[in-house]
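Just so you know, the sequences run in chain order F and V.
Using numbering that gives the first Met the number 0, the first residue of the first sequence is number 0, and each one after it goes up by one.
Using numbering that gives the first Met the number 0, the first residue of the second sequence is number 0, and each one after it goes up by one.
It is possible that some hints are incorrect.
Taking lysine-lysine and the BS3-like style, the derived pairs with C-alpha atoms no more than 25 Å apart in a straight line are [claimed, not checked]:
hint : chain 1 : residue 1 : chain 2 : residue 2
1    : V       : K252      : F       : K3
2    : F       : K142      : V       : K250
3    : V       : K252      : F       : K13
Because the hints were derived from the structure by calculation, they are not lab data.
In this text, all values refer to a predicted model and were calculated from it rather than measured experimentally.
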Amino acid sequence: MIRKTFENELQQVKDDVLVLGSMVEQAILDTVDALKKRDVKASETDREINKKRFEIENQLMILIATQQPMAHDLRLLASTMEIISELERMGDYAKGIANINIRMGDQPLLKPLIDVPRMAQKDVDMLHRALTAFVEEDVEAAKAIPVEDDEVDALYNQVYRELMTFVIADPKTMERANWLLWVAHNLERVADRVTNICERTIFIVTGEMSEIKNSDDEFWKQQKA
Amino acid sequence: MTKSNTDETEYVLETKDLNIFYGDFMAVTNVNMKVQRNKITAIIGPSGCGKSTLLRAFNRMNELVPSSRIEGEIIFQGQNLYAPEVDPVEVRHRIGMVFQKPNPFPKSIYDNIAWGARIHGFKGDMDELVVYSLKQAALWDEVKDILDQSGLALSGGQQQRLCIARALAVQPEVILMDEPASALDPIATLKIEELMQDLKKNYTIVIVTHNMQQAARASDYTAMMMLDKEGVRTGTVIEFDETNVIFTRPKDKRTEDYVTGRFG
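From just these sequences and the hints, can you work out the full model?
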């Protein structure tokens with residue numbers, strides 16, 4: 000016998016996580032694109048993301064209270080609680096980038112954006128596949144995706160060094176360099192949170208809770224080298 | 000049966016290749032498990048998988064069914080419970096039992112406790128024993144002024160605690176509980192579960208329960224029983240582990256299906 004009603008509700012939760020995920024993906028791409036074009040306009044996206052997150056959280060609590068999930072079901076629901084929180088924080092990073100765009104006022108970009116949109120694209124690509132792995136409970140994919148975080152870290156390092164050359168050449172560019180560094184940092188953090196989602200997926204399937212790798216350590220190692 | 004010098008060992012009961020029969024029918028097959036001292040061990044599993052049969056084997060209660068017999072051993076404090084020289088009455092004294100339906104004697108509350116102790120040759124201060132047992136069973140405050148009233152006049156939950164007090168009065172080492180709260184409302188159930196947590200400081204408890212939430216809430220270890228083979232009605236322990244492992248990351252797919260409510 001299967002628990003048909005409960006199974007349907009679990010599937011609904013997964014579908015809702017995918018919806019939240021695509022809202023976050025769109026927010027990241029849109030804010031970076033707006034920055035690239037210096038197109039400043041108000042957006043409701045972050046508020047919608049937060050609203051969706053609370054909707055899912057509420058649904059999770061109802062399922063925990065009414066269905067008494069155990070074992071795999073419990074790991075799935077508890078981990079989903081964590082995953083939607085990661086997604087909501089990614090939404091905040093996108094909002095942070097939009098805020099920088101606003102704060103830059105009518106000042107032009109220090110340089111045309113090349114690696115920053117690449118970072119955004121890589122983030123979204125990783126996130127999309129991480130959420131697919133979550134829905135399909137695909138451990139192999141969940142283990143493979145975090146490795147790609149190195150590419151995002153490498154792009155971040157490149158942006159960092161490039162911006163530093165501007166600052167060294169002309170300290171008056173400090174503020175504009177800082178803005179872009181902040182944007183790149185937000186995008187670097189998105190990939191770290193994708194790793195967290197993958198860790199949760201592995202936990203849901205195997206019951207083993209372990210950290211895949213600490214991206215911040217990798218970053219500082221590269222800075223030293 | 001004398002108290003052996005293995006009293007300090009970690010395990011109070013251990014089954015070795017245990018098979019339990021009713022006539023030719025093998026009800027329980029090949030159980031190897033260890034019951035840890037001062038812990039609560041739950042036995043869970045679907046109806047008819049042999050949970051109560053296994054529990055009753057721990058104090059030779061199955062022998063009240065004439066055709067029953069066992070193969071293998073149950074070691075209690077270092078001694079085989081089924082050795083020929085062992086007196087089953089003495090076994091049931093040291094390993095007490097509480098049943099699903101509260102079954103107080105049709106006697107006063109006081110006598111419900113005193114009677115068993117008297118039969119077992121208790122020579123000490125009976126008043127003191129009655130007070131001590133009722134306090135241990137968390138019933139004293141509710142009955143201290145009505146000790147001469149019939150035990151049958153109490154509520155279901157109070158009757159069950161009276162039965163626990165009666166079991167404690169003969170100073171057992173292990174208490175077996177067969178669905179002790181299934182006939183009780185949630186508040187009385189909670190009282191029994193809280194009581195179990197107090198009792199395990201001094202006793203070892205083995206409980207059979209259909210209520211998985213109860214096993215999850217109240218026990219330290221859980222034994223998952225299931226019918227071993229398709230079509231063959233014989234039960235066995237398919238997984239035995241710490242309760243928190245059984246309910247969060249069981250190893251056996253059948254345990255997973257059972258605790259998540261996907262019954263076969």
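Honestly, which of those hints from before does the structure not fit? Those not satisfied: there are none.
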